[in-house]
Every structure is written in C-alpha cells, then in structure tokens.
Amino acid sequence: DVKVTQSSRYLVKRTGEKVFLECVQDMDHENMFWYRQDPGLGLRLIYFSYDVKMKEKGDIPEGYSVSREKKERFSLILESASTNQTSMYLCASNADRRSTGELFFGEGSRLTVL
Amino acid sequence: KNQVEQSPQSLIILEGKNCTLQCNYTVSPFSNLRWYKQDTGRGPVSLTIMTFSENTKSNGRYTATLDADTKQSSLHITASQLSDSASYICVGPRGGGADGLTFGKGTHLIIQP
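Chains as they are written, first to last, in the working numbering: chain A, 199 to 312; chain B, 20 to 132.
Hints are computed from structural coordinates only; laboratory data are not their basis. Predicted model, so just to flag it, every value in this text is computed and none were measured. Ideal placement from N, C-alpha and C gives every residue a C-beta, glycine not left out. There may be inaccurate statements among the hints.
What the hints assert, rightly or not - DSSO-like cross-link-like pairs, simulated, lysine-lysine; straight-line CA separation at most 30 Å: (1) A:Lys255 / B:Lys124; (2) A:Lys201 / B:Lys76; (3) A:Lys253 / A:Lys269; (4) A:Lys211 / B:Lys90; (5) A:Lys216 / A:Lys268; (6) A:Lys201 / A:Lys211; (7) B:Lys124 / A:Lys253; (8) B:Lys124 / A:Lys201; (9) B:Lys90 / B:Lys36.
Stated by the list, open to error - Each pair of labels, with its calculated beta carbon distance range: (10) A:Asp294 / B:Ser72: 16 to 22 Å; (11) B:Thr89 / A:Arg207: 39 to 45 Å; (12) B:Arg80 / A:Glu300: 17 to 23 Å; (13) B:Ser65 / A:Arg271: 18 to 24 Å; (14) A:Glu260 / B:Gly35: 44 to 50 Å; (15) A:Ser278 / B:Thr89: 44 to 50 Å; (16) B:Ile32 / A:Lys251: 46 to 52 Å; (17) B:Thr97 / A:Ser278: 46 to 52 Å; (18) A:Arg308 / B:Lys90: 31 to 37 Å; (19) A:Ala293 / B:Ser102: 25 to 31 Å; (20) B:Thr75 / A:Ser278: 48 to 54 Å; (21) A:Pro259 / B:Pro132: 29 to 35 Å; (22) B:Thr97 / A:Gly214: 49 to 55 Å.
In isolation and in its complexed conformation, chain A is listed as follows (with noise of 0.2 Å):
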C-alpha cells in the first residue's frame, strides 16, 4: 500500500519557536508538497518539491521554508511559529506532475501556535 507518514499528528508550539514537520512517502515518487488547511479556505500549496534538492514556492510560502535532502523525505520548517500559522499541514506526493496525478496524502498534522 501507498504511504505517506507524517512525523507529528498533533503538535503545540509557542510563539517564536522553530517547527518541524516532517513527512516521509514510501513510493519513490519524484514530487512532494506541503499544504495548509484552514476551514473555508481549502487547501494552500505553500512548497513543492519536483526531485532532491530542489524546492519551489507555491502560494504562501511566506514564513515557511523547506528541506529534500533525500528523495523520500520531505521536512517543512517554520523558522519563528506565529499565531497565524495554527493550521493543519499536509503532506502529499505523486509520480505524475500532470494535473491528472493523482496525490497521495499523509494524514496531516495539526498545530496550534499559543
């Protein structure tokens, strides 16, 4: 079976921390995203990743950062966690960058910013 983990379900950080979230697939797949969810708003693309060591910005990517230092990993960084970035991110991959691809997704992880 496909798989995409994510490191952390639930996280609670403070204000200012640093952040990790780390996400690891199973399938050898090229590409790799992060999203934000938020109610009413859908999904965000915040960094994608098209092989390793490289990086793109999708639409928010203010105040996040990334890391692929290897195909299956896929690490999204908040370099000072604020307030506004209490979100659920996930993580997904694919092996097709045509939009008919299909993404696989991890479960999410939950954070909360106090």
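For chain A, the structure is supplied; the task is to place chain B on it using the hints.
Just chain B now, kept in the frame of chain A:
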C-alpha cells in the same frame, strides 16, 4: 482567474438517502477534474478522476458526472452510509498552461442515522 467552486458548503442527510454534490469550474484549458474524500482528521483520498472525454464514471456507490458545456461536475452518492460522512473536495488543473492544481473548498457531508 481559474477557479473551482463547490456547493453546497455543507449538507446533512439521513442514512440510506441519496445526495448530489456540485462542482463548477472555470479552468481553461480544461483537461480533468478529480474528486477527493477527506474523513475528519485524515488526509484526502482520491475517489475518481473525470477527463474531458468522460461523462460518467462510477466507483461503487459514488458516481461522478461531467458536463463540459456547462463546466459542471457532480458527485452522486447512492444509499448513503454513516461512513460517507466526510468532506468532498473537487480539484482541477491550475490552467493557463501552468503546473499545479486548483482546489475547491469542499462540501462537508454529514450522514445522520
């Protein structure tokens, strides 16, 4: 701006009843729409994809339709079950030749016993 809009925003129906969720798109050029199901607290999972040449596609009790003339897709759920309670998200291409996807905001469906 390319968009995917879903209706209703939320829906409550009794177990065993049928329902239809709508997705209107203005993506151009259009190539496909995919429906995802997202259970509460979980990641979305693909239900089906509709390509330009397809009108209807079924996946068990789920039937998706596509009308390219009106730029509408619908997801029909037959004989609903409690496990159908979820958010259903319609996703299309970003359009304009760009990579990437455009997400609808989803329909939150609640099945009551």
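Right, here's what the structure says about each hint:
no. : hint                            : verdict
1   : A:Lys255 / B:Lys124             : 21 Å, holds
2   : A:Lys201 / B:Lys76              : 26 Å, holds
3   : A:Lys253 / A:Lys269             : 12 Å, holds
4   : A:Lys211 / B:Lys90              : 43 Å, violated
5   : A:Lys216 / A:Lys268             : 21 Å, holds
6   : A:Lys201 / A:Lys211             : 27 Å, holds
7   : B:Lys124 / A:Lys253             : 26 Å, holds
8   : B:Lys124 / A:Lys201             : 25 Å, holds
9   : B:Lys90 / B:Lys36               : 26 Å, holds
10  : A:Asp294 / B:Ser72: 16 to 22 Å  : 18 Å, holds
11  : B:Thr89 / A:Arg207: 39 to 45 Å  : 41 Å, holds
12  : B:Arg80 / A:Glu300: 17 to 23 Å  : 20 Å, holds
13  : B:Ser65 / A:Arg271: 18 to 24 Å  : 23 Å, holds
14  : A:Glu260 / B:Gly35: 44 to 50 Å  : 47 Å, holds
15  : A:Ser278 / B:Thr89: 44 to 50 Å  : 47 Å, holds
16  : B:Ile32 / A:Lys251: 46 to 52 Å  : 48 Å, holds
17  : B:Thr97 / A:Ser278: 46 to 52 Å  : 50 Å, holds
18  : A:Arg308 / B:Lys90: 31 to 37 Å  : 34 Å, holds
19  : A:Ala293 / B:Ser102: 25 to 31 Å : 28 Å, holds
20  : B:Thr75 / A:Ser278: 48 to 54 Å  : 50 Å, holds
21  : A:Pro259 / B:Pro132: 29 to 35 Å : 44 Å, violated
22  : B:Thr97 / A:Gly214: 49 to 55 Å  : 51 Å, holds
Violated hints, in rising order: 4 and 21; the structure is consistent with all others.
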